[in-house]
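Student: Chain V is fixed; fit chain X onto it per the hints.
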Amino acid sequence: MTQRNVIRNREIVQDDWEYLGAEDAVPEGGKVIVELARWKQEREALLQAAEEVGVLLRGDDDPKELLEDFEHLSAISLDFPKFADGRCYSHARLLRERYGWKKDLRAHGDILRDQAFFLWRCGVDVLEIREDKDINDALEAFREFSVTYQPAADSQQAIYHLR
Amino acid sequence: MYRYDNYDSKIVYERVAQFRGQVERRMSGELSEDEFRPLRLMNGLYLQRHAYMLRVAIPYGLLSSDQVRTLAKIARDYDKGYGHITTRQNIQYNWPKLQEVPDLLEELAHVEMHAIQTSGNCIRNISADHFAGIAGDEIEDPRPYCEIMRQWSTFHPEFSFLPRKFKIAVTGATRDRAAVRFHDIGYRIVENEAGERGFEVIVGGGMGRTPIIGEVITEFLPKEHLLSYTEAILRVYNLFGRRDNKYKARIKILVRSLGIEEFKRQVEEEWEQIKDSALHLTQEEIDRVSAYFVAPDYSDEPGDVSEVEAFASSNPKFARWYKRNVHEHKVEGYFAVTLSLKAPGVPPGDITDAQLDLVADLADTYSFGRVRTTHEQNLVFSDVPANQLVALWEALDENALATPNVGTLADMICCPGLDFCALANAGSIGVAASIYERFDDLDYLYDLGEIKLKMSGCINSCGHHHVGHIGILGIDKRGEEFYQLMLGGEASDDASLGKWLGPALPKGDVPDAVGKVLDVYVEEREDGERFIDTYRRIGPDKFKERVYDAA
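Top to bottom, those sequences are chains V and X. Counting from 121, one number per residue, gives the positions in the first sequence under the working numbering. Counting from 116, one number per residue, gives the positions in the second sequence under the working numbering.
FYI, nobody ran anything at the bench for these hints, they're computed from the structure. Bear in mind the structure is a predicted one, so any value in this text is a computation, not a measurement. Honestly, I wouldn't trust all of these hints.
[Claimed, not checked] When the alpha-carbon atoms are kept at most 20 Å apart in a straight line, the in silico EDC-like pairs for lysine to aspartate or glutamate are as follows:
(1) V/Lys202 <-> X/Glu148
(2) X/Lys363 <-> V/Asp180
(3) X/Lys390 <-> V/Glu217
(4) V/Lys202 <-> X/Asp556
(5) X/Lys361 <-> V/Asp180
(6) X/Lys390 <-> V/Asp274
(7) V/Lys253 <-> X/Glu139
(8) X/Lys432 <-> X/Asp634
Next comes chain V alone, as it looks inside the complex (with noise of 0.2 Å):
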């Protein structure tokens, strides 16, 4: 299996997640992820032939439908299949402050530096960068911002809290 780097908490880190097709073969013994019927179809068997499972969530799927399986699951990961589709920036605020995920919440598609503070203020800690891209570049988009105004998943406190 190919491996990539991704940003973890505000590091580079290896990544050995797999991204399944609907078709395709679950490797014995490794960390994949699904999209959401997938998972909903065959939950077992995944769980099963699969180490670790995580699901791909779109903009139009509804994220309290894995309310259930958090304990199952290892990752969930936001699809963002343009930079401008938003969706997912909802879903992200809502299973971290609102469902309670722990785990890792992952943004996968095409995500470029410039989303990655906006992404980890709504409490996305794994960023797939796009492989096109320098991701030791992408860090920097960390320090761009000092403070912020309002309350999101990386911050319950509004700025008037602190004025």
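Tutor: For chain X alone, kept in the frame of chain V given last:
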């Protein structure tokens, strides 16, 4: 007015540094134009027909004289010596060079200004009644709430990639001068039966291709819930607004397809979950921000209104300006003065660097150093004492800035059109000029009374043609510029959308067609009736016959 503290200023300077980096990455080729596009758009930088255009935010239209001087300097140093006041109370520069934009932004940051979220699919500059804080019909000054929402919406991590742009307006007056029914969200400060103040919240209004009058989602929202309720609306929109078609992506389409009842149900279900979160707005914060908007130190002896009127009766030129451009003020002996940016031969809303410098000086001398921009593309001196009014007029008149046409047909709203804008199908500035020339008789304009003429160069309707008493829309017909006339729009409390009068007209026929419409009005009007009232009473038929039958 609001002053930045360390937090605000840090955010703005950090933004400048971030954008400088983005521009460098674009210049080096590391970012493609496609990748740079959403980044520059979030900072108000458009690629237009001839050059980049930068839109600078003027939060709720309020400026200090120092800020105005910086805007003048930018016009001089980074542009061709002028700027353009927009219908969202912002200012646009049409000729900045990409590599100089970071320096320009830094100059803005020195005077607590920025271009953050002046474009892109995010929460845009929040607009307000341009007479906020000085209007006699005001329940409460809306600007503290605009500022609170400005901060909440700035770099909102969840709402920076919405389906489409998002515009908010707030009024605290009983008469709506902020067009709150034509915004994605409009807030009206109201009082309930218990005498408590809160907001009536209106959602899903807008112009563009599909003009819709917004609907009331809640009649009374206690102030403490302003941010949580707004966040709930935005979250429902972010998740469920259409993203497959940019022409159907505004919140108005979502509200219309769900129906206001179902939309409200979804919003309030979400709101229940967050109303007691950290978004709960404290009275301390309202008080802290409100303290920045206290009234200036008004004089006990602002002079006598009767002396102004005496001067007016001896000076007809002043009298005309006094009647059209000077407005009542809630403080006895003070006036608000509109500086019309609709002078002959100048595109509506344009202002030069020298004029901006003069405006700053006049504001310092006559109006506590404060200037406002209006969504009708004019400027306002908000607090002029009676005993200084004539002096202000003389200074304006000497500099050809006392054009006495506010509220008349000549006080047109107009987008930049084909001359600048990459979206436009037709010119608007040229047509505005031809209408201006055709109706240059001030007495005739005064006789016509209040008429709102609004013109856009394409269906995106930046010139708000849907809500003009007379609206004009430029279209492209097989490579030629044609113009559609619509009548009966109104943006204020008695909001209505204009209706097409008939087939589009060639460019040269527009002034005559407007003339015929006005003739019908003059013939049909009853005592004291405004154009819009006559139109509403008699309907379109007579106007239609006159414009099209004789042709």
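Student: Going back to the hint list, which numbers does this structure go against?
Tutor: Going through the list in order, the structure violates hints 4 and 8 and respects the others.
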